[in-house]
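Novice: Each chain, written out:
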Amino acid sequence: MPLLSVSDLKTHYKSRDGLLRAVDGIDLVVERGETVGLVGESGCGKSTLGKTVLRLVDPTAGHIEFKGEDITVLDQRNLQRVRRSIQMIFQDPYASLNPRQTIGEILEAPLVVHKVGDRTERRQIIANIVAKVGLPAESINRYPHEFSGGQRQRIGIARALLLNPELIVCDEPVSALDLSIQAQILNLLLEMKKEFGLSYLFISHDLSVVRYFADRVMVMYLGRIVESADNATLWSDPRHPYTRALMEAVPDPSRPRQAAPLGGDLPSPSDIPSGCRFHTRCPLATDLCRADEPEFRAIAPGHQVACHFADRIN
Amino acid sequence: MAPLLQVDNLTIRFPRAEPVGNLSFEIEQGETLAIVGESGSGKSLTALALMQLLPRAAKIANGHITFGGRDLTKLDAREMRHLRGREIAMIFQEPMTSLNPVMTIGRQIGEVLKVHEKLSGKAARERAIELLRLVRIPAPEKRVDDYPHQLSGGMRQRVMIAIAVACKPKLLIADEPTTALDVTIQAQVLDLLDTLRRELQMAVVLITHDLGVVAQWADKVVVMYAGRKVEQALPGDLFNDPLHPYTRGLLAASPRLKHDFHYRDGALTEIPGSIVSAVGEAGCPFRPRCNQARASCSHHVPQLIVPAADRLVACPFTTSLKAVPHAAALSL
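Top line first, the protein sequences correspond to chains A and B.
For the first sequence, our numbering begins at 1 and goes up steadily by one.
For the second sequence, our numbering begins at 1001 and goes up steadily by one.
Here chain A stands alone, though its shape is the one from the complex (with noise of 0.2 angstroms):
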């Protein structure tokens, strides 16, 4: 049995512009021990996804299994239990964190929600993650504009270690850090997993960072997973145009400059077209592709391509 099992999940939002479909049927499981990556450009509802997930947002239609538990229909009570084991990290750890509370207070808080230990058990948990995280034991009386970003992300990692989980949603985690920040954030959350034998649904924009640390990827276009693969499998043998647009857009070092990989814009997802969401923009459109939605269907296994014509690129 699956972790995370997501069976064509829909999050819809009423919006001025009419129906706004952020996240439009997706299929994802996760397994135990597992990262999977979801990639995709602002808009195409990876961070709706994310929160969905742990039900922060309700869906619309579809199933979040967690442990074979489908935690759609939960109520409130029976989700704070299963919310211990399914934590979220954000990009902006210092929006995350009230600045009028010190870290101790910060990171007691959902240990006295979820009833865990006496105030001295309480105590002994945060240091132990306190210096998990690489931070130092004085931290705990400090607030959290005395730290800098990476060290704020070090809370934010802190805080969803607390409760022993065993799913964590990081949405962006290392978006807002600068470069020599990043890896040593990447790292620590390695080790965690590592440690504490965790899984991860990694949601990013940056496809480098996902290639180095997903296991698993899914690249997410206006609602929909267009491709999903293992990671080396991804990168050696991209078969949908997005994903190859994507990679082809990275600035690189080692290869000359291109132009740009894609014209356009991405388009609204209260406006989403007809047939293949992405035949706007891409390079290979047909009348096929204008008029049928396609099938996200197994080109190999472990591969699958919402592609009408998936077998003839390559």
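No lab work stands behind these hints, which were simulated from the structure alone.
Values in this document were obtained by computation on a predicted structure and should not be read as measured data.
Virtual Cβ for every residue (Gly too), placed ideally from N, Cα, C.
Don't take each hint at face value.
[As the list claims (entries may be wrong)] DEER-style ranges, computed between Cβ atoms: (1) A/230 / B/1126: 52 to 62 angstroms; (2) A/14 / B/1266: 41 to 51 angstroms; (3) A/143 / B/1317: 33 to 43 angstroms; (4) A/85 / B/1056: 47 to 57 angstroms; (5) B/1265 / A/137: 28 to 38 angstroms; (6) B/1309 / A/230: 43 to 53 angstroms; (7) A/255 / B/1195: 18 to 28 angstroms; (8) B/1319 / A/112: 50 to 60 angstroms; (9) A/312 / B/1276: 51 to 61 angstroms; (10) A/137 / B/1266: 26 to 36 angstroms; (11) A/143 / B/1016: 19 to 29 angstroms.
Following the hints, complete the assembly by docking chain B onto the known chain A.
Specialist: What follows is chain B alone, placed relative to chain A:
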């Protein structure tokens, strides 16, 4: 011929800090110079100093900025206003905060033309449409009456570029112009900047934290750390054979540059600590994080030395990795 812009020993001081110290570089007509550094490196303050738009608390304590034969640090506000937007223009990271949300983009572009080129309202509008076409905005006749919120992030940055190049400046300062944009849009905007640079014979100072962008778009690179220039090189040299321990650390820490490197192969190379450790450091600002630091590194700020043609590095202990077998250099 004198360079278009020459910065000599620029030192910027706040009452209690010196965010930029003894910075020198120059840029030729039509050239793209990249200034690369992380937050706290002083790269954005340097850009503001070139525009003479430093925050009030900051003072140019020393140095000269010579542009077209004139020292910008000696110009008064009126003279500088005359230059800004006409000969030197700037674009910023987040176009939404630089555009006026209650004014159509046509009027915002037209404003520059009315002020600097004394165009009438009708002529300015015509020219605004032309400029929108120049920056590849589709249906410019319609878009000219749009408000900023009606445009995507990439389109807004194109509008900023249209405003910046309206008077055909000789120098464009682009401060993280694509950092807020998605990677496919970033490629489009950088393409556009480069095309305009050639068409308008404009020099570009490209300020960025993104090494990939530097490698593909710059003619020359300045690496800054804690307000100091630590290395300068042509992009090819910098990436093939970085000399300063900081540059080496950055390249090693970047997962982008290690194509086949996966977490199962090992951890990423870290630069320990943070840039905060440079505050109050009397010697080399990078010393507290440097894996090659020696006692003498804390004595004084290292001088820039010339290790090869077209190169500068502020570390007396560096040796080219090219001297050791090829494999070591490849692993960077």
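Novice: Take the hints in turn and mark each one as holding or not.
Specialist: Each hint, compared with the structure:
Look at residue 230 of chain A against residue 1126 of chain B: about 56 angstroms separates their beta carbons, and that is inside 52 to 62 angstroms. For residue 14 of chain A and residue 1266 of chain B, the hinted distance range of 41 to 51 angstroms is satisfied, since their beta carbons lie about 48 angstroms from each other. Look at residue 143 of chain A against residue 1317 of chain B: about 39 angstroms separates their beta carbons, and that is inside 33 to 43 angstroms. Hint check: residue 85 of chain A to residue 1056 of chain B, Cβ distance near 52 angstroms, so the stated range 47 to 57 angstroms holds.
Checked against the hint of 28 to 38 angstroms, the C-beta distance between residue 1265 of chain B and residue 137 of chain A comes to roughly 33 angstroms, which is consistent with it. A hinted range of 43 to 53 angstroms for the beta carbons of residue 1309 of chain B and residue 230 of chain A is consistent with their spacing of about 46 angstroms. Checked against the hint of 18 to 28 angstroms, the pair residue 255 of chain A and residue 1195 of chain B passes, with Cβ atoms roughly 20 angstroms apart. At about 56 angstroms, the CB distance of residue 1319 of chain B to residue 112 of chain A agrees with the hint of 50 to 60 angstroms.
In this structure the supplied range 51 to 61 angstroms holds for residue 312 of chain A paired with residue 1276 of chain B, their Cβ-Cβ distance being about 53 angstroms. For the pair residue 137 of chain A and residue 1266 of chain B, the supplied restraint of 26 to 36 angstroms holds, since their beta-carbon distance comes to about 29 angstroms. Taken as a hint, the range 19 to 29 angstroms holds for the pair residue 143 of chain A and residue 1016 of chain B, whose Cβ atoms sit roughly 21 angstroms apart.
Taken one by one, the earlier hints all hold for this structure without exception.
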